[in-house]
Amino acid sequence: MNYLLLIYSNETEVMALGEAGLKRMTDEYMEFTKSIVQAGHFKAGDRLKPAATASTVRVRNGKTAITDGPFAETREQLGGYYLIEAKNLDEATAIAARIPGAKIGSIEVRPIWPPIS
Amino acid sequence: MNASAAGSVVEEIFRREAGRVLATLIRLLGDFDLAEEAQQDAFTAAIEQWPTQGTPDNPRAWLISAGRNKAIDRIRREVFFREKIADRELASAQADALAEIDGSDEAIFGDDRLRLIFTCCHPSLNDEAQIALTLREVCGLSTQAVARAFLVAEETMAQRLVRAKKKIRDAGIPYDTPDPSVLDQRVDGVLAVVYGVFTEGYAATAGAQLIDVELCAEAIRLGRLLDTLLPNNAHVMGLLALMLLHDARRRSRVSDAGDVVLLDDQDRSQWDQNEISEGLSLVDKSLAAKGSVSPYAVQAAIAALHVRAADKQATDWPQIVGLYEVLLRLQPTPVIELNHAVAVSMVDGAARALDLVDSLAARGRVTQYHLLHAARGSFLQQLGRTQEAREAYGIALRSATLEPERRLLAGRLAGI
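Note that the protein sequences, when read in sequence, are chains A and B.
Quick note on numbering: the first sequence equals residues 663 to 779 in my numbering.
Quick note on numbering: the second sequence equals residues 35 to 450 in my numbering.
The hints are simulated quantities; they were obtained by calculation from the structure and are not laboratory data.
Every residue, glycine too, gets a C-beta built ideally from N, C-alpha and C.
A portion of the hints provided could be inaccurate.
[Unchecked claim] Part of the chain A face toward chain B, derived, beta carbon under 10 Å: (1) 738; (2) 742; (3) 745; (4) 751; (5) 753.
Isolated chain B, as found in the complex:
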């Protein structure tokens, strides 16, 4: 094998194994930074040794054991420079304990990855820190890539990550899966992080670009990983289904010119049929699974009805209204109320839908939300109340921040 081919083998193994190697090293070493250094050392050693000595039979075990040994060397070196007896004893004990652990036990890797996910998504870390840590440590994105995804400077993101890891250490956030009594709640927290990554990618909150493909793909990858690690979990399957069904329509959602294409006008031949069928089967499995109904699965079921219909007229709107009513009981949020109203307009007409939206607006929780005003504009237009429709679209246009959405609203306004 020549050097570049060997290099690409190492790279390929790195991509596949980096997450597992890091997760296990953090447990063995009890420290994120030490584990990251050890992981780097191990991959450097692999790049040096594999081309001449051959790729080991079990590369993962090799990498973990190489990383572990490098870390032991580091700990032992540091002991020499330390004066405090207690510290020296602690460090030696740590090094001895490490030397005994067998890094090749297959059964433990899944648990280690779950430990890493639950630690990165610990509720004692703020939301931003949870997302950043998950992308950096679980997905293995570079600090630079995470910074780019959140439109902040690399230095800012690096500091955020340092602070988050310091809190894990200082506050005693455990590197462990949660107690069964709080597992469901903690899984919800993890799913919120994964969905946060997805929605951040699906509609960047501000700016010119509508879809950030990389974040959507990372979120789906995380969803699949969770589905493997926590099999038959209604909430995990529900979220994965929802992401797949949205992602399937990703390419048709934006025109070549970067404009928003609404569902009715999307080119259905561009939809990803593999993602759709995987999503549909996950919706069914999630709704059939034991335990509480997942709000993500209900949303996915709604997405499924849209995807299954040949066009807007053929869509099963009464069932969609029903599903939104289920969702409102699980998750009474203004955004879901608004979506419910839009579905109601398709069944009971615009007048009834306008009442619902006005009642939502009267409660004053979402007056700045551009989609509320866009929906009002659409209902008013259907009722022939042109002047009021114009005003509503005008407010929507002033509240929208995303360029493609602004163009869509401006087009609507001009078309009245």
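Isolated chain A (complex conformation):
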């Protein structure tokens, strides 16, 4: 089954890691990504620009409304994701636990419906 691993963290806390801390985390991410590519779990994954760059689109009564946000009132923001293939939820959560960001934020593990054929 495919799972989307959504990486949430508090952007302020991540920035507070400082240059050396961020460099270390980037290295850990590269190493982690390499390991799940090699193990055959990796399907896709990206780091997102900060939540401040986000826009939200809604269509109501045929009208498109674009606003900024989602607002950063929530404690943690979506900062990146991996799309993985795992044999079951336990394997997916074990992989999620190895994401470097899990140590400062949280990872939401969402199973993905198979495509409609």
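Assemble the complex: chain A is given as a structure, and chain B must be docked to it using the hints.
Relative to chain A, chain B alone:
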């Protein structure tokens, strides 16, 4: 054999084998609902066939194989109505794989029951769902009985169970025992569910009835099952010991009028000596077992000291204080802090205990907890601070929800 005698033989076998049959069918069929239907079909077939054809030598294997065959029939029937090639291939492959499996291999049944327990107690399910699923699927209670235990409508409980099984399917929760690297953690989760069932039965959280015997018995049965499936596990033995030592005093804990009877006033001749000796020996085994100390075993050891003592004066309070201090290091919770303070009052006096409780209250975590105020009331009364004691008991009375406890507190208040 006449029809009713045959019927009771089938019933007896059903009670004994239902859990194993279901656990194995879920693995074979890969689906809870299909397995439940197959289990029902198998028992229906047994009721029809055994009275005339005789009870098979290995009823369990018979039931599993009958259930499996009924499920294969169902899958094959459904294939006809399906249009998608991929689905048809999948269903046929499933049916073929099923036909090959030997349902009589004894060694696999224990593993299947563990698979079922770990799946029902998976941390990705919410606490309520874990408890409900465990009672329904592992203990085999009816949806109606589970609903009654949790004081919700049967329909509500049925929906809760459907949602939980849907999550197992949709999220890909595996029907398997956990990876060894997380086994201890997952066992803790299972034990929390079992203890949750027990405490729910031991002191229903609200309402008039103080003890729900059925849930306590189910929890102990689950504890014994886990002890068989995961032998010599310190945590499993610790929890089973704790439940047995509490349960042994169950009958003496409530008076005929439904009032709370405190430990000092309990009729010790009513205590269940078999449960006590089994509990005591499990405490020793748990504390001697390899691995980390089980907080349940420490609590059981405390219960053991209470049970062993002839009365309150003869109780080894200094050792109980020591055990609470061990427990606080393992599990620093407000409830344990409060119990520690009560034990300290027996060794160092009420003044020292009052300081501990006031410090706990000052940290603001348990201000609504009625037992905290009841303990304060008792300490203040012992110190001769009558007016403050009255106030503390008054707050306790307002926060308590269980009728028998309210009556006890009201009695205390009136007696000052």
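Q: Determine which of the earlier numbered hints do not hold for this structure and return their numbers in increasing order.
A: 1, 2 and 3
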